[in-house]
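Q: So the sequences go chain by chain: B and F.
Each residue of the first sequence is one higher than the last, beginning at 1 in my numbering.
Each residue of the second sequence is one higher than the last, beginning at 1 in my numbering.
Heads up, a few of these hints could be off.
What the hints assert, rightly or not - From the structure, some residues in chain B lie toward chain F, with a derived Cβ separation under 8 Å: (1) Ala85; (2) Thr96; (3) Leu98; (4) Ile99; (5) Ser100; (6) Ile280.
Hint data in this document are derived by calculation from the structure and do not stem from the laboratory.
Every residue, glycine too, gets a C-beta built ideally from N, C-alpha and C.
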Amino acid sequence: MPISMFLQHLANAISLGSLYSLVAIGYTMVYGILRLINFAHGDLLMLAAYVVYYGQGIFHLPWLISIVVSILITTGLGIVVERSAYRPLRDSPRTTILISAIGVSFLIENLGLVLFGGRPQPFPLPRFLDTGSATQIGSIAIENITFAIPVVTLLLLYALLYIINKTKTGMAMRAVARDFDTARLMGIDVNWIVAATFALGSALAAVGGIMWSMKFPQINPLMGMMPGMKCFIAAVFGGIGNVSGAVVGGFILGVAEIMIVAFLPAISGYRDAFAFIILIGTLLLRPTGLIGEKVGEKV
Amino acid sequence: MELSRTLGRRALVLLGIILVVAWANGDLKLIGIPGWGSYTVRIINLCAINAVLAMSMNLVNGFTGQFSLGHAGFMALGAYVTALLTISPATKEMLFFMVPLWKPLQNLTLPFAPVLVLSGLVTGLFSLVVGVPALRLRGDYLGIATLGFAEIIRLVLQNVRRLTNGALGLKGVPPVVNLWWTLGAAALTYFALRNLLASSYGRAFKSIRENETAAQAMGIDLFKHKLLSFFISSFLAGVGGGLLASLLTTIDPVMFKFPLTFQVLLIVVLGGMGSLSGSVLAAAIVTYLMEFLRIVEEPHYLSFMTIRGIPGLRMVIFSLALVMVVIFYPRGLMGDNEITLAGTGALLKKLLPKRRVAA
Chain B
1 MPISMFLQHL ANAISLGSLY SLVAIGYTMV YGILRLINFA HGDLLMLAAY VVYYGQGIFH
61 LPWLISIVVS ILITTGLGIV VERSAYRPLR DSPRTTILIS AIGVSFLIEN LGLVLFGGRP
121 QPFPLPRFLD TGSATQIGSI AIENITFAIP VVTLLLLYAL LYIINKTKTG MAMRAVARDF
181 DTARLMGIDV NWIVAATFAL GSALAAVGGI MWSMKFPQIN PLMGMMPGMK CFIAAVFGGI
241 GNVSGAVVGG FILGVAEIMI VAFLPAISGY RDAFAFIILI GTLLLRPTGL IGEKVGEKV
Chain F
1 MELSRTLGRR ALVLLGIILV VAWANGDLKL IGIPGWGSYT VRIINLCAIN AVLAMSMNLV
61 NGFTGQFSLG HAGFMALGAY VTALLTISPA TKEMLFFMVP LWKPLQNLTL PFAPVLVLSG
121 LVTGLFSLVV GVPALRLRGD YLGIATLGFA EIIRLVLQNV RRLTNGALGL KGVPPVVNLW
181 WTLGAAALTY FALRNLLASS YGRAFKSIRE NETAAQAMGI DLFKHKLLSF FISSFLAGVG
241 GGLLASLLTT IDPVMFKFPL TFQVLLIVVL GGMGSLSGSV LAAAIVTYLM EFLRIVEEPH
301 YLSFMTIRGI PGLRMVIFSL ALVMVVIFYP RGLMGDNEIT LAGTGALLKK LLPKRRVAA
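Build the full structure now, drawing on both the sequences and the hints.
A: Right under this line is the structure:
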């Protein structure tokens with residue numbers, strides 16, 4: 001493989017890895033606090049993309065505003081999902097909440113099919129990201145969005161780590177993740193913290209969804225399903241409940257996926273299976289993930 | 001005396017059921033009695049197959065308490081085994097025009113009954129391959145791992161074109177199934193599982209569900225019992241997949257995505273995790289509603305106006321129903337109770353106005 005080709009793949013791999021990281025953070029934060037696989041998280045990606053699509057197509061909003069509106073609406077929906085489908089079940093067995101989460105995911109997907117129609121739509125691109133706007137470096141051409149994604153991801157990650165580590169809300173989040181009941185006894189408003197966690201995760205998912213649609217500018221109501229699943233796998237791979245783990249896991253998963261398809265085109269049909277193999281391998285060999293800490297079994 | 005009377009009564013009930021099925025199936029046409037409409041029969045067939053699938057999922061998810069989401073993958077295996085062993089050689093030659101079928105399978109066709117058992121066995125065997133690593137996991141991790149295995153099975157079926165014809169799928173599966181097959185399979189499944197659950201194995205399953213640590217302390221081999229439950233469940237899923245393949249006559253890998261598992265899960269949760277008769281009841285209700293609610297997706301032309309149908313609305317209703325049931329009525333229709341003849345009798349006695357017995 002010529003070096004220019006490899007660099008091209010590498011650039012794509014890095015931007016896909018960044019996208020996975022961004023969405024995986026949402027999974028890992030929710031799992032850290034509620035021990036719940038938020039199946040509906042992936043579908044927020046789709047929702048964010050459609051809000052931008054309609055914001056521009058019908059309401060003719062300027063670019064930046066449509067993105068802000070989309071993030072706000074997606075964040076709101078994330079909170080609504082938690083409030084209506086997860087909070088009433090907080091004391092139920094974990095599989096019950098999981099079934100509820102699966103139900104919500106299907107509800108959002110099928111509502112999407114009803115409201116937006118099943119036909120894939122072209123995602124509108126701003127001029128500076130148009131398909132013709134590639135940057136030429138030597139003999140390789142890289143689309144601008146491929147550069148933008150890792151940069152935006154890094155900025156958001158920095159902001160998130162600041163919130164988690166330096167603010168009072170972040171400290172409360174960490175406390176709730178460590179011990180739900182004790183945190184409550186210490187006077188932390190647990191409901192508020194859970195809502196805040198969902199809000200942060202959903203906002204990141206919204207940004208992820210919008211950038212995903214810029215990179216792969218075809219949107220449909222089921223587009224969130226596979227990326228959602230893979231990002232959860234990335235979170236498990238990195239060590240669930242751990243934000244840096246999710247970032248590392250998402251990054252490795254994205255890079256590995258692109259590289260496997262690039263170097264072994266014969267097995268590219270199994271591209272989606274690869275993530276699941278990583279998942280099963282992780283769960284069996286090192287269930288705490290790459291940088292997860294050991295959680296003791298409670299009797 | 002008492003025994004022979006009960007036996008006689010049971011024989012009478014059985015004869016009645018056989019007559020009704022024979023009539024519905026159209027077997028009495030020979031003596032001039034028409035059968036039920038083919039549309040109705042098709043829905044009953046679907047009900048029965050869904051009942052088999054739901055009961056088999058309930059065995060693992062409801063009775064053994066292991067949250068598995070791999071049903072669609074196992075159904076796919078059963079469906080493909082059935083299809084490959086029943087499609088005629090001529091049709092196979094036509095289907096595999098891109099890549100020829102693996103030689104030994106080309107001319108191999110077997111009668112339906114052994115094929116169905118074989119589908120179950122092959123699926124069961126695969127379930128051991130999946131179960132040995134996966135069943136070490138618990139709770140939601142098990143769910144997501146089995147989901148992953150199901151997706152891997154589906155992707156393999158989609159990519160091994162010499163065996164499965166890839167994304168094109170298989171057409172022309174002989175439509176052998178009728179009410180005898182489907183209702184028979186449902187009845188067999190019901191009675192087999194009922195007896196299994198009443199046996200020491202069944203009680204071990206339930207004790208694992210209630211408390212794994214306690215069950216282990218009582219000397220129950222957790223892994224062996226989980227694997228057994230998983231094997232039986234997958235066997236039945238394979239049989240269900242085979243029946244479905246023969247009913248639909250066309251299968252392809254896209255059919256067996258996660259939404260199929262979702263549909264079975266919906267039935268199990270609605271009927272009650274841990275109730276066989278609940279699964280049967282819910283299978284009938286959900287299957288019927290799936291058909292009935294087609295009216296909301298189709299346009300209606302009245303003389304003065306047209307009501308536009310909304311495609312996809314059915315699944316919105318069903319996923320909403322699932323969330324509602326889980327939140328407000330987590331026990332489902334039956335909880336972990338069963339419908340029994342004695343129970344029905346008692347209920348009827350309670351509901352019907354009391355008759356004064358003349359002294």
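Q: Could you run down the list of hints and mark each one as holding or not?
A: Checked hints:
no.	hint	result
1	Ala85	holds (6 Å)
2	Thr96	holds (6 Å)
3	Leu98	holds (5 Å)
4	Ile99	holds (5 Å)
5	Ser100	holds (5 Å)
6	Ile280	holds (5 Å)
In summary, the structure agrees with every hint in the numbered list given earlier.
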